[in-house]
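Quick mapping for you: the protein sequence lines, in order, are chains F and A.
Note that the numbering used here numbers the first sequence so that position 156 is 156, with each residue one more than the last.
Note that the numbering used here numbers the second sequence so that position 200 is 200, with each residue one more than the last.
Check the hints yourself; a few may be wrong.
[As the list claims (entries may be wrong)] Below 30 Å or equal to it, Euclidean Cα-Cα: the simulated DSS-like pairs (lysine-lysine) are: (1) Lys116(F) with Lys243(A); (2) Lys116(F) with Lys163(F); (3) Lys69(A) with Lys213(A); (4) Lys3(F) with Lys53(A); (5) Lys3(F) with Lys69(A).
[Unchecked claim] Stretch by stretch, here's where chain A covers chain F in the computed footprint (C-beta under 8 Å, at least three residues): (6) 15 to 24; (7) 83 to 96.
[As the list claims (entries may be wrong)] Over 12 Å on every C-beta distance to chain A, these chain F residues come out as not near it, computed from the model: (8) Gln132; (9) Leu135; (10) Leu146; (11) Gly147; (12) Pro150.
If you're looking for bench data, these hints aren't it; they were derived computationally from the structure.
It should be emphasised that the depicted structure is a prediction, and the values quoted were computed from it without experimental measurement.
For each residue, glycine too, the CB sits at the ideal point set by N, CA and C.
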Amino acid sequence: MFKHAVSELKEAILCLRAGQVTLGYPFEPHSPEPGFRGFLSLDPDKCIGCGACANACPARLISVEDQDGHRTLDFVLARCTYCARCRDVCPQQALAMSEQFETATSSPEDLRITIKLRLVRCRECGAVVGTQRQLNRVLNELPSQLGLPPEKMDWLDLCLSCKRTRALREGVLTVEVRA
Amino acid sequence: MQAWRIREPSMWMTEFLTGNRKTYGMNQIGGVSRDLPEGYQSRILPVIDRIEKEVTAVVDAIVEDGSLKLRLQGSGVLSHEDAKAICVVGPTARGSGVAIDARADHPYAAYGEVDFEVCVEQSGDNWARTMVRIRELFEAIKIVRQALAKMPEGPVMAEVGLIEAGGEGVSSVEAPRGEVHHYALTGTDQRPYRWRVRAPTYPNLQSVPAMLKGMTIADAPISIGSIDPCFSCTERGAVIDQKSGLTRVYTQDELLRQFRERFG
Chain F
1 MFKHAVSELK EAILCLRAGQ VTLGYPFEPH SPEPGFRGFL SLDPDKCIGC GACANACPAR
61 LISVEDQDGH RTLDFVLARC TYCARCRDVC PQQALAMSEQ FETATSSPED LRITIKLRLV
121 RCRECGAVVG TQRQLNRVLN ELPSQLGLPP EKMDWLDLCL SCKRTRALRE GVLTVEVRA
Chain A
1 MQAWRIREPS MWMTEFLTGN RKTYGMNQIG GVSRDLPEGY QSRILPVIDR IEKEVTAVVD
61 AIVEDGSLKL RLQGSGVLSH EDAKAICVVG PTARGSGVAI DARADHPYAA YGEVDFEVCV
121 EQSGDNWART MVRIRELFEA IKIVRQALAK MPEGPVMAEV GLIEAGGEGV SSVEAPRGEV
181 HHYALTGTDQ RPYRWRVRAP TYPNLQSVPA MLKGMTIADA PISIGSIDPC FSCTERGAVI
241 DQKSGLTRVY TQDELLRQFR ERFG
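Taking the hints into account, I'd like the entire structure generated from these sequences.
In structure tokens, the structure reads:
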């Protein structure tokens, strides 16, 4: 009985000494630790629509669809596990993990990001080459890297197969056929 | 409630270390995707020192608490024989005198390089399972201290390359609730073809009828709670059509029929 009373007294002291520990949140803002991975944010000006994020996403929540002259990237973030692999592979640094953690919503549409980018089709066969922005990036970077004048880049809007055909025709690429 | 208060700094620490409180999202094939942030040692040590001190105070206060003892001792008894027959794992098994712990039995990761005790209690009641968990808390702190002292330098990711289809892998890891088994069969597109998880609640939940036999209804909540059940872990899956957003739950018969049609 005595031991029990001592125990209860100790418990009471523990509770009283702790005092108030609850935070003022949500009436006061609560900022997460640096490096926190919150809700995904996409910079629409930077995205070139390459789809590297869709390839890396373990939850496969990013879909890439080419239709009616546009490429649509659809992020269904209700299934996001916040692993940030999409951000890590993005060649444009267009994706970032924000500090936003208040994602509770009654509408799944709030957890969705969609971006539509103009497509470029092969001028010979009409197959999809890529988005206009992908081509722009190549046009901006490749000539200086290869020391080529930009007017030499007129093969950019050809699809892979038409590029091959042209390279063979112009003798840039030769194929050895073995018997 | 005091236990929750003491736990909270460890959640903030986890957020600092991994970028999130719970969904660490850093395990990848070949290692982890992020290294520990700068100054992690000086951040972790004060937190675990404080947790150790505060838990000691709580344990010191509650072990002689008569009402707590009356509530936990002799209730929800799982005998040593039943524990073995039902194949329970983790603290549920160790509370009934079954000394199994994947970390000690088949050490993985760095568990072979650290020294810790497998905490076993004999009485098999709710009190025993509580004591196992409390003692394991101190063992966990001991393990963290050793790991920090022995932490090697070096890359956190290994180059894995392409993974062949048809490869199989099985692993057993000691999770807080007990052994968790993962089985994976690799597919042709760098994705798993089949992946099966057996979470510890699956076997542990089977022991509840044995614990509750002959007990009062009032003993049910604490006995079920004493295995720390994760019911969502025993769920198997939901099918969501990404295009329409429709969720569908398959019945057992449907699943069996589909599986047999596909795989013979």
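Discussion item. If you test the structure against every hint from before, which numbers come out violated?
Written reply: none
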